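Trainee: Chain by chain, the residues:
Number of protein chains: 2
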Amino acid sequence: MTFSSDMVPAFVLVRPQLAENVGTAARAMMNCGIFDMRLVDPDEDHLCDRAVAASSGAGDILRQAKVFKNIDDAVADLQKVYATTGRPRDMIKPVFTGQGMAKEICAYQQNGVKCGVLFGPERTGLENDDLAYADTIVNIPLNPNHSSLNLAQAVLLVGYEIFRLSDTTPDMMLSMPHTEPANKAETEHLFAHLEQELERAGYFKSAEKHPRMMRNLRNIFMRADLTSQDVRTLHGMIADLARH
Amino acid sequence: MTFSSDMVPAFVLVRPQLAENVGTAARAMMNCGIFDMRLVDPDEDHLCDRAVAASSGAGDILRQAKVFKNIDDAVADLQKVYATTGRPRDMIKPVFTGQGMAKEICAYQQNGVKCGVLFGPERTGLENDDLAYADTIVNIPLNPNHSSLNLAQAVLLVGYEIFRLSDTTPDMMLSMPHTEPANKAETEHLFAHLEQELERAGYFKSAEKHPRMMRNLRNIFMRADLTSQDVRTLHGMIADLARH
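In the order they appear, the protein sequences are chains A and B. For reference, each letter of the first sequence is one residue, going 31 to 274 in the numbering used here. For reference, each letter of the second sequence is one residue, going 31 to 274 in the numbering used here.
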């Protein structure tokens, strides 16, 4: 599954201070396939050279970003709003982890509900008045002794949780250009070759020890996740060692 | 579950170019509770003012970081080494996602196996010669059209996946200072009060419509996740509205 563009939430940067940080936030959004950037009353021009340079190829997000005077206008078309904050607040709202938020946003957007996430200014984060626009608080669990993130890092983690939910990459992929895992016939043939040459070389001290010694060697090669090419390489190695 | 310090992997920055980036990488490690930083042949002094300022409170990680001339020495005590790269390589190694890596590292370290993760220089990433020191490649799935991360962002995502696995924060936490969710007796009592006053005010047009109209109102308040305090607030509101 991949998100279509209307399944992806808007990211609303509230009163960002430095243009560079808006640029690096745009880069982080691009990394996560999130394109709808909204800026509320930014201190600096988000299209200045410093911002574009910091965006490192994500200039399109900056150019398409919409600027608003206040949060009301920035979130007017949104139906569910999440607010990121690292500080606990004295208010009654559900507090979601990044993963909890991503699951809910994904479910809402699959139901056609348009979502957005608010990020606060670098120095102070969101104020209580800003949080009043949010249905839900998002607080990403991190080292409790040092959980403060810069703006782009916060954007990256929130975006990553959302991207991650839609990503179907298997936990492990085999990178095996021009070959593939050896099948059991190939590995058995290799072990037979190895055993025959070792027998000839007098490696197995006694008939009694032979099975255990061979089992140990098999286990070493079994753990190596041999490819068909590896099996051919080892046949060659054994043949050459045996010849001398 | 929380990681003890020997359950946390080492992060090895290979030939980092800018001291600031080493500083922001230290901050990201601190965010994720990862303290063992190792530097291989850095271009700049990792204890210079720019690095310490960029670390934003994670100066301890910089001060405790060990500097090595080459990768061999930096990974000598490690038993499993992961290498982060955004570029596909023509080599036969398993490629893990961030989550796949985190699960494996967690399992290894719970078995007492010491792990480490290599991160490449800002401009080029890890070279093939560097990757040769790794058991496993890590490639974090991101927008395929724009997957390149800066050093600190890569450190943050890898660290976050590891932290995340050990974190037990529930997806949603109730932030309800000085109160708690209303129980059903409280809400039923509220609905009875509301129904009584609405009846008196002539809100229910007919006996036939009464049950449906009351059900609609109940559903609105049920969705509001009322607290005990909310119930008291609404009793007051209803009483005052009814009085006029």
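Worth flagging that the hints you see were computed from the coordinates, not collected in a lab. Hints may contain errors.
You can't tell identical chains apart in this list, so a pair holds if it fits in one copy or across any two.
[To be verified] In silico SDA-like pairs for lysine to any residue, Cα to Cα no more than 20 Å straight-line:
(1) Lys-133 / Met-267
(2) Lys-110 / Asp-255
(3) Lys-235 / Leu-271
(4) Lys-133 / Asp-197
(5) Lys-214 / Asp-201
(6) Lys-110 / Ala-162
(7) Lys-239 / Ala-215
Owing to the predicted nature of the structure, the values given are computational and were not obtained by experimental measurement.
Trainee: Does each hint fit the structure? Answer for all of them.
Mentor: Here is how each hint holds up against the structure:
1. Lys-133 / Met-267: Classified as neither; 52 Å inside a copy, 35 Å across copies.
2. Lys-110 / Asp-255: Between. Shortest inter-copy distance 16 Å satisfies the 20 Å Cα cut-off; intra-copy 48 Å does not.
3. Lys-235 / Leu-271: This pair counts as within: shortest intra-copy Cα distance 19 Å, inter-copy 98 Å.
4. Lys-133 / Asp-197: The answer is both: 13 Å in one copy and 17 Å across copies each meet 20 Å.
5. Lys-214 / Asp-201: neither (24 Å within a copy, 44 Å between copies)
6. Lys-110 / Ala-162: within (12 Å within a copy, 48 Å between copies)
7. Lys-239 / Ala-215: neither (25 Å within a copy, 76 Å between copies)
Checked against the numbered hints above, the structure breaks hints 1, 5, 7 and satisfies the rest.
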